[in-house]
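Model the placement of chain H on the given structure of chain F, informed by the hints.
Number of protein chains: 2
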Amino acid sequence: METSKILSQEIQTLLETKQTDQLGQLLGTSHPATIAETISGLTPEQIWQVLGVVGDEQRAEVFSHLDADLQSATALSLSRAQLVGLLTHMSPDDRVDLFKRIPEEQAESVLPALAQAEREDIRKLAAYPEGSAGSIMTSEYATLPVQISAGEAIAKLRREAPDKETIYYSYVVDEGRHLIGLVTLKDLILARPEMTVEQIMQREVIQATVLEDQEEAARKISRYDLLALPVVNEKGVLVGIVTYDDAMDVLNQEHTEDMEKFMAIAGKHEEYPYLRTPVWLHFRNRVVWIIVLAALGLISGFVIRSFEATLVNLLILATYMPMLADTGGNAGSQSATVVIRALALGQISTKDTLRILWKELRISTLLSAVLGVLTFGRVVLLTSGAELPVGMTLLAVGLAISLALALQVISAAVVGAVLPMVASWFKADPAVVASPALTTVVDITGLLIYFSTVKLLLRI
Amino acid sequence: METSKILSQEIQTLLETKQTDQLGQLLGTSHPATIAETISGLTPEQIWQVLGVVGDEQRAEVFSHLDADLQSATALSLSRAQLVGLLTHMSPDDRVDLFKRIPEEQAESVLPALAQAEREDIRKLAAYPEGSAGSIMTSEYATLPVQISAGEAIAKLRREAPDKETIYYSYVVDEGRHLIGLVTLKDLILARPEMTVEQIMQREVIQATVLEDQEEAARKISRYDLLALPVVNEKGVLVGIVTYDDAMDVLNQEHTEDMEKFMAIAGKHEEYPYLRTPVWLHFRNRVVWIIVLAALGLISGFVIRSFEATLVNLLILATYMPMLADTGGNAGSQSATVVIRALALGQISTKDTLRILWKELRISTLLSAVLGVLTFGRVVLLTSGAELPVGMTLLAVGLAISLALALQVISAAVVGAVLPMVASWFKADPAVVASPALTTVVDITGLLIYFSTVKLLLRI
Chain F
5 METSKILSQE IQTLLETKQT DQLGQLLGTS HPATIAETIS GLTPEQIWQV
55 LGVVGDEQRA EVFSHLDADL QSATALSLSR AQLVGLLTHM SPDDRVDLFK
105 RIPEEQAESV LPALAQAERE DIRKLAAYPE GSAGSIMTSE YATLPVQISA
155 GEAIAKLRRE APDKETIYYS YVVDEGRHLI GLVTLKDLIL ARPEMTVEQI
205 MQREVIQATV LEDQEEAARK ISRYDLLALP VVNEKGVLVG IVTYDDAMDV
255 LNQEHTEDME KFMAIAGKHE EYPYLRTPVW LHFRNRVVWI IVLAALGLIS
305 GFVIRSFEAT LVNLLILATY MPMLADTGGN AGSQSATVVI RALALGQIST
355 KDTLRILWKE LRISTLLSAV LGVLTFGRVV LLTSGAELPV GMTLLAVGLA
405 ISLALALQVI SAAVVGAVLP MVASWFKADP AVVASPALTT VVDITGLLIY
455 FSTVKLLLRI
Chain H
5 METSKILSQE IQTLLETKQT DQLGQLLGTS HPATIAETIS GLTPEQIWQV
55 LGVVGDEQRA EVFSHLDADL QSATALSLSR AQLVGLLTHM SPDDRVDLFK
105 RIPEEQAESV LPALAQAERE DIRKLAAYPE GSAGSIMTSE YATLPVQISA
155 GEAIAKLRRE APDKETIYYS YVVDEGRHLI GLVTLKDLIL ARPEMTVEQI
205 MQREVIQATV LEDQEEAARK ISRYDLLALP VVNEKGVLVG IVTYDDAMDV
255 LNQEHTEDME KFMAIAGKHE EYPYLRTPVW LHFRNRVVWI IVLAALGLIS
305 GFVIRSFEAT LVNLLILATY MPMLADTGGN AGSQSATVVI RALALGQIST
355 KDTLRILWKE LRISTLLSAV LGVLTFGRVV LLTSGAELPV GMTLLAVGLA
405 ISLALALQVI SAAVVGAVLP MVASWFKADP AVVASPALTT VVDITGLLIY
455 FSTVKLLLRI
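Respectively, the protein sequence lines represent chains F and H. Final position of the first sequence in the working numbering is 464; the numbers increase by one with none missing. Final position of the second sequence in the working numbering is 464; the numbers increase by one with none missing.
Treat each hint with caution, since some may be false.
Copies of the same chain look alike in the list, so a pair counts if it fits in one copy or across any two.
Claimed, not checked - With a Cα cut of at most 25 Å, we get these calculated DMTMM-like pairs of lysine to aspartate or glutamate: (1) Lys224 x Glu61; (2) Lys160 x Asp191; (3) Lys190 x Asp167; (4) Lys168 x Asp178; (5) Lys168 x Asp229; (6) Lys104 x Asp229; (7) Lys22 x Asp356; (8) Lys160 x Glu198; (9) Lys224 x Asp73; (10) Lys224 x Glu261; (11) Lys431 x Glu219; (12) Lys190 x Glu164; (13) Lys239 x Glu219; (14) Lys190 x Asp98; (15) Lys104 x Glu198; (16) Lys224 x Asp101; (17) Lys224 x Glu14.
No lab work stands behind these hints: they were computed from the structure. Note that the structure is predicted; figures quoted are calculated from it, not measured.
The following block holds chain F by itself, in its conformation from the complex (with noise of 0.2 Å):
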């Protein structure tokens, strides 16, 4: 944080003083991520005038790590042959993330004065649909055929290495372009020079489909340790990796959405940074769930309204009333949330719905002996001028307040667990029933069990 703003008051003054030399010689040693942090205060102009003294390979790097909003604000305030000198020396993936973002007219400005290498590779990796591991792949990686020997995969790989976004991972291929194999590099350097590619390569590849889920195709890399996953279409023909250091961002992401699913928080995660985000996006984001979850809340409140006599009663069940609503969906939650990062994980499918009610019945069963005993023992000892109906003990009021409890524990953590699967069912994501949603159903039903059991034990 120090250093950055160091920088990048050292940076102001330079631009402004114009020493564009000092700049860049400053820029040159910098990495490319630290630039961009340290300039993302800046005004797009002010950006593009940084990134205009350094090299066009160094700029298109700093550019790609700019957060998706500036990168847009930026790209949009360059003229056409600025815009095509960036695009062409950006990597595949980020060159078409990019595209994707601006605006047509811009886009459709710029592709003709695409070289057609570059202009074929958009159209293409553009045509994967968001979300899948086709969007997040770049076609930069290197291949090798069989027949060829380690000694000249190695030196087909120093030539090529510049334009590879990695040259660790190389995929051997057929003449139709299928995958047959992985070499690394580490293969390729142990081995004695005159072996051929075929007698070194790994024929078992983990790999990944284009239209497979971006997530899945992350957590492949992350389960098997991998530097990059090949993408195959569905003929088997190699089209593309996904690189770790992409897979890192998608898991990034996709933790950064679950934590607001959770939260009832709306609206499409690419990497705003809080402070840069705008009060009516942020608004924009949040109104519809806490509307929705509002309403739902009155019903809560028309269960208590239809209780009216039973409460005025006995008043003594106001006192028990957001205890037994907020337990109820603390429990719903905790059971929610580890069935939800399980389903996540992979440790658990679908077919499994029964074993984890079986055991959340269990778990709940102990937890509401636990809560049901205190609640009991809090209602029978610790009671003191509660006014009670004639007839009716303090031991049959603590009795019937626990039990209630007790059912609405259990019952909360089985909908909790029983929600997230039914998403998945539905090929839904099981975070979007959480939390805040899953303690307003919650609450309504256990101010029902609630209300039912008193009046049913209690006869009021």
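Relative to chain F, chain H alone:
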């Protein structure tokens, strides 16, 4: 899922019929992570039987991919010689993790039987506190001196490759092992063979210190797209590296912890899969928070009790009571979520507290305006048959309720944003103050605001 089940059955059949040759062939072509997944349903004894048919290296790799608890259970069933053999072939970071998990007695009996190099290594790595960069680093990294040539460097890496976690990054050190540069294998391959390491190396190396938080180190790897991050001690001496795959595991684990803290679930989270975690452990992780929050929930009950007279006088208040409490909880959770996430990603720090407050104040004012207007309309237009005290108009009631709601939403959003900042100020994890705890607190303040506002405005 399906393929791993078929594989699992095949393995069991081959085990029972003692066809170890076929078993060895079957496992030889599978990825260690796949094998680990497949055999994780077996007993520790069976697991060791399966691992018996593969070579030392593969055995250690598969073992490292097993869940932490299964590793401990299997290790417990091994003889001293077997455990020594296993530990010797494991990578240093996985080895020390296992070592920290086995019972002290077993650890003490095994230590003297290990070779001195491994013993020293365990002693060093085990010294770093849990959660530090030092605790997740490995000591098997490649180093180069400045004066040798690119050709010599490649030859050196070729010799050392089998013992290194990665040879794609080599760290350049001086005689005192101070970190002075980084050379990638790509740089070496692209360089003319006679160029020296000093001429090729990058001098600005992104690095971590041993006591740095492991999540911070993992984030550096993610931000700068690194394959590995060098870890230095307070004197700048290189002591280990953290690889990108371990960084992914750390970020994944932090994600699970964040979500569970959000939902008030306690416990240490190594990678216990949901279905394999015993019921009592789930119970133990959840029970404390449930009880604490239930006890807090009772306070809300007392607030209601203390405003009993107001409530009985104006029963329409009961209809809007749960909605008001819920909406406050939701607004608070929303702002807490975005603030916690922004803190975790390093987008904001405690210095930004005032700016965040100001932002949340504006967002929640917008939210409360919308909610206030809707609620006012709801009360005034859609209420029928409500018994109002003499001299009170529905207009006044609607105004009071919607004003209370607006105040509740604003205060809840501010509390939701401030609590994580306060936690962060005290170097505590911001996530602990999130959702259920926050909801319960905001319930209490909400009911106080509700009844006080209504009482004051309507004079009842």
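Of all the hints given earlier, name the ones this structure violates by number, lowest first. Result: hints 7, 15 break, sorted rising.
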